[in-house]
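Peer 1: Here's the letter readout for the chains.
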Amino acid sequence: MSVPQLLRHPWTAFLGRRTARLLLSLAVVLTASFAMIRLVPGDPVRAALGVDAAPALVAARRHRLGLDAPFLSQYRHYLDGLVHGDLGTSLVTGTPVAELVRTRLPATLEIAGLAFLVTLAVALPGGLLAAVRTRDGRHPHTELVFTAVTAGLAGVPDFVLAAGLTALLAVGLQLLPVAGAAGAESFVLPVLALALAPTAVLVRIVRVEALKVLNEDYLRTARSKRLSPARRYLRHAAPNMATAALTVAGSLLPALIAGTVLVEKVFAWPGIGSAMAQSVVSQDYPVVQAMVLVLGTTVLLAGLLVDVLLAVLDPRSTIRET
Amino acid sequence: MTSLQVSELTVRHLGPRGPVTAVDGVSLEIPSGTTLGLVGESGSGKSSLARAIVGLGPLHGGRVLLDGQEVRIRTVRDRRRLGRLVQVVLQDPDTALDPRMTVRRTLVEAATVFHRLDRPARAARVAELLGLVGLDPRLADRLPRQLSGGQRQRVAIARALAVEPGLLIADEITSALDVSVQAAVLNTIRELRRELGLSMLFVGHNLPAVCHVSDVVAVMRHGRIVEAAPTGAILRTPQHPYTRALLAAVPSLRTPPPDGRPS
Amino acid sequence: MAWVTAAMLTSLVVLALVGPLVWGASADRPDPSAVLQGPSVAHPFGTDNLGRDLLARVLTATRPSLLLALAAVLLGATAGVLLGASTAVLAPRARRLVAGLINLLLAFPALLVAMFLAVVFGAGAGGAMLALAVAGVPGFARLAHTLAAGVAGTDHLAAARVLGLRRHRLLWRHVLPNIAEPLLLSTTTAAGTALVALSGLSFLGLGVQPPGYDWGQLLNQGLDRIYAEPLPALAPGLAILYAALTFQLLGEVLAGGVARRGPAPRTTAPPLAPSGPAEDGLVLQVEDLGVELPTPDGVIRPVRGVSLSLRPGEIVGLVGESGSGKSLTALAIADLLPEGARVSRRTLRLLGADLAAMTPKERDRHLATGLAMIFQNPASALNPSLRVATQLTETVRAHRGASRAQAASEASDALRRVALPPAVLRSRPHQLSGGQRQRVMIASGLMVRPGLIIADEPTTALDVTVQRQITRLLSEIRRDTSAAILFISHDIALVGEFCERVLVMYAGTVIETLPADRLAAGTRHPYTRALVESVPDLTADRDRPLPTVPGAPPDPLAPAPGCAFEPRCPRRRDHCAEQAPPLEDLDADHRVACWYPVPVTANPETAVAP
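Residue numbers (the working numbering), protein chains in the order written: chain A, 4 to 325; chain B, 20 to 282; chain C, 465 to 1074.
These aren't lab readings, by the way, just hints derived from the structure by calculation.
Heads up, a few of these hints could be off.
What the simulated footprint calls covered on chain A by chain C, stretch by stretch (three residues with Cβ under 8 angstroms from a Cβ of chain C suffice, anywhere in the stretch; the number is not a length) [what the hints assert, rightly or not]:
1. 93-107
2. 154-161
3. 288-301
What follows is a list of derived Cβ distance ranges for each label pair [what the hints assert, rightly or not]:
4. C:Tyr691 / A:Pro109: 21 to 31 angstroms
5. C:Asp761 / A:Leu179: 51 to 61 angstroms
6. C:Tyr691 / A:Thr106: 54 to 64 angstroms
7. A:His12 / C:Tyr691: 56 to 66 angstroms
8. B:Glu183 / A:His142: 53 to 63 angstroms
9. C:Leu481 / A:Pro58: 48 to 58 angstroms
10. A:Pro109 / C:Val499: 16 to 26 angstroms
Positions of the beta carbon are idealized from the N, C-alpha and C atoms, including for glycine.
Next up, chain A with everything else stripped away, as it sits in the complex (with noise of 0.2 angstroms):
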């Protein structure tokens, strides 16, 4: 394939746009992530601090932040700071935030990729399942339940039942650890807590795919071929509800990330979640600032990472198209 060829080939395009794409958000990442600290209500160093530090300490602990600087040279220093792998100090224990993130980065992006593999393994299949039970209005007593359940579990909020979890399962029942991570039960419960919702509501829209599939004129061909059902739903309708049913459980990963905050502060767990949560709490806006920069980034590139793999396994996906 010549160069002119290969730059209009559409596989090229579409990995173009959605760089462009991806460029864009990070920069709206970035420039959020660099603007809250300047923006946040009354003198974040001083409220850090505390009220009766010192004028000097305060005025030295700014010009280390770089706070007393002009604001584009702010934006400059911020900008080569962060190519350079610096995020910034902790105002509350003074060490590099680009450690903290090191360290916890790997915990958060255990639970939330675990947590969206469950969605997955449960929600495809249950969904399909759903959906040949109760096709064309059959069994309507299943499909009440069925609807009436997902929808109080799409409803429980992670956090609380993170909460309703550790009093039931860690302290009243002692099977499960209680917080912290380690080993493979400790997993159980963050995993539980944030797959649950996700997995009601991704169960309820891949059996209405499902239904559409199976109104769909091919699924009438491959009955007048009186292929067996099995055949008819795995292999005809199956296929053809994946991709749509996959762009949705997309869309549900961005939430799931940024439901670990809750999670990982219930359970304690060692990720960029609870680090959040206690800096927000010790008003710790370096940490703040870092954390919305990494969650930002790893939602952005979990959406990339969607997409390319919807474009590269539906043929004929109009994914590219976009």
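Following the hints, put chains B and C in place on chain A, whose structure we already have.
Peer 2: Then chains B and C, alone, in the frame of chain A:
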């Protein structure tokens, strides 16, 4: 009443593999009071052309002249000036009317875009418009879902006529209708042309239906007009091979089929 | 579910109204002698670190929790909906810009944006509410944008635009009313989400600040005690859960009410009696076929008393307008009717075998190998995600036990028969043109070497030049394989040209059967005659209006005792409204269901010599 001139009109759409030229430098003319039929198969660009003329679609080159004046659509004011002269009826009877508005509200809205009408005048105008398209005035207080497909298309025509345009563009208005209903709508179109002296651009893929209402027929293929001639001439002596292929493909009960009935 | 939801909603509203009045005082009364107590009779949920009663605090907190959530949702929804719906009426460039902005903002989860903004606005109830409202805007905007795009694509909005209506009028009169319902629904669910998110912010210490309190803040205060006293910690959580469930169920109930179409009455089909005696040499023998279909408004009988038979190598056309029952007849023969439909028949024999006398497995195999169906729209009848090879070979692999290699070679042969190269086997349907797809459908039918091919409007979705190729292909197949073809179409001219024998259906019954060459001049039923004449013809006199059929087909829910065509018939007499005419022989090839058939020479000028 209004003449239309289109010169070197070009429309491009963005397809999955880059821009596609849907209409490729098309020129055509509709003298005042006549009907031009535009036929073509799917993807020939006939609908893109029709929509571009009324500003519903993109336009990437060429000029549109109404009564000799060039049309531009930049502002709402331009669009209103155009709307007084040109109205359009589209394909889909299911979405042709706002599902939440009665026939009366739909027609009153259209009739009062450019004129103020008091209450009795509105009622009279609605009855007049419904009469024009051969509908019972008692249908005025129905909602679209209480009407049949053919009735909805007639109301859509009445709405277009409410502003007393000089040119009517009809884009595939009968293709979603049953034949017996199509016949009635085609008759309505012919009567309107006679009574109101409307100029018309009648777009369709059904060659007999288009020929039935048109003075001149233009055949479109791959974004270009391959042949345009008075209806009688195009039926008797088609010049372009594509026109001949199109004519030969039309099934007919009254002429023997070209390849003979299987026996 | 509706009653439970109503009760839950009422309880929340009542609590929000009276809670602070009744329990406000005790919720704020510190009791140094009862600090951090567990549940007791006096304090069912225990007390907090100042000895205040937790039950009273949870109940009192209903009002701030609900009010803040509602305010956030209303603000966010209003701004988001206006932003999103405006895309339907904006110029293309502005529309793309707004859509791009919405997409950009949507990349960030609302909760994260809300946390960020709450930090920026400063911790507190007002800041958190505002932060949440702003964070909710992109979600509502996207929803409104998607819904509005549906309205923007409709013909009535295009027409309103051409009328010259101004933008605000388009938005308020034509766009917003048509998307209001789903938006209201999602606003309800969003109220629950906002309540949870606000509680989350308070839980993090970003929302309501002491001495004020809401559920989230109470949960935050209780969390430290969860190891010692679960109930005081969980009580506010349960309140959040209760409110969240209420809104969720409310959305569900409202959505159900919107979508409600009374449940279709369910019927169980009685076992079918064995078919009548087989007639020799028939591929398909159908006698007295009827279909009952439950609809929300009642049971209709869209097919009544249809009889038809096909001999090997015969092409029979089944013609009628929409709602005549022609497609349901085909689906009933192929046992492909939708769920809930009921079939009755005296005889249904395919290739001589009685379908009622078979086990389901035998029937499946017999239908799969004896009958091929070709559907109207090849673009949707082929599975978009499977290769052509898979779709061609699966029937013989399943029912004839053909090996993969054998099936593949048969598939190449089948493609050759429909003039497609074997390379097509590796394609997916979207890579083919409409005509090619229909050829693939036909090839798929040929794979089983069927005795009968039912083609249901096989050319309606195709261009007229392609239509000609497909009918020619079907003729060739009929000639080469001596399969019988039942060709269903609304196009009477096409059927007349392509078939040998024609059955005309009206309102669920066959009203005339005749040799195709008599369609032009020899029709006897007034409806068939009118149908033929209403087709515009290239040779017709263009100065005369087309003959039309006045009136509309009968309402299937209110069948009349007489002839179904009677109200529209120019030849009707009193007798027609009382009794439906049976289908009776005029001569060996021609039958008509009419008390007063049109005389043969009634309209000689439309006749041309064959």
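Peer 1: Hints first: check each against the structure and report whether it holds.
Peer 2: Hints, verified against the model:
1. 93-107: violated (count 0)
2. 154-161: holds (count 6)
3. 288-301: That given contact holds, which follows from 5 residues of the region 288-301 of chain A lying within Cβ reach (below 8 angstroms) of chain C.
4. C:Tyr691 / A:Pro109: 21 to 31 angstroms: Holds - the Cβ-Cβ distance for C:Tyr691 and A:Pro109, about 27 angstroms, lies within 21 to 31 angstroms.
5. C:Asp761 / A:Leu179: 51 to 61 angstroms: 55 angstroms, holds
6. C:Tyr691 / A:Thr106: 54 to 64 angstroms: 26 angstroms, violated
7. A:His12 / C:Tyr691: 56 to 66 angstroms: Given range 56 to 66 angstroms: holds, Cβ gap about 59 angstroms.
8. B:Glu183 / A:His142: 53 to 63 angstroms: Since the Cβ atoms of B:Glu183 and A:His142 sit about 58 angstroms apart, the hinted range of 53 to 63 angstroms holds.
9. C:Leu481 / A:Pro58: 48 to 58 angstroms: Holds, at about 50 angstroms.
10. A:Pro109 / C:Val499: 16 to 26 angstroms: 41 angstroms, violated
Checked against the numbered hints above, the structure breaks hints 1, 6 and 10 and satisfies the rest.
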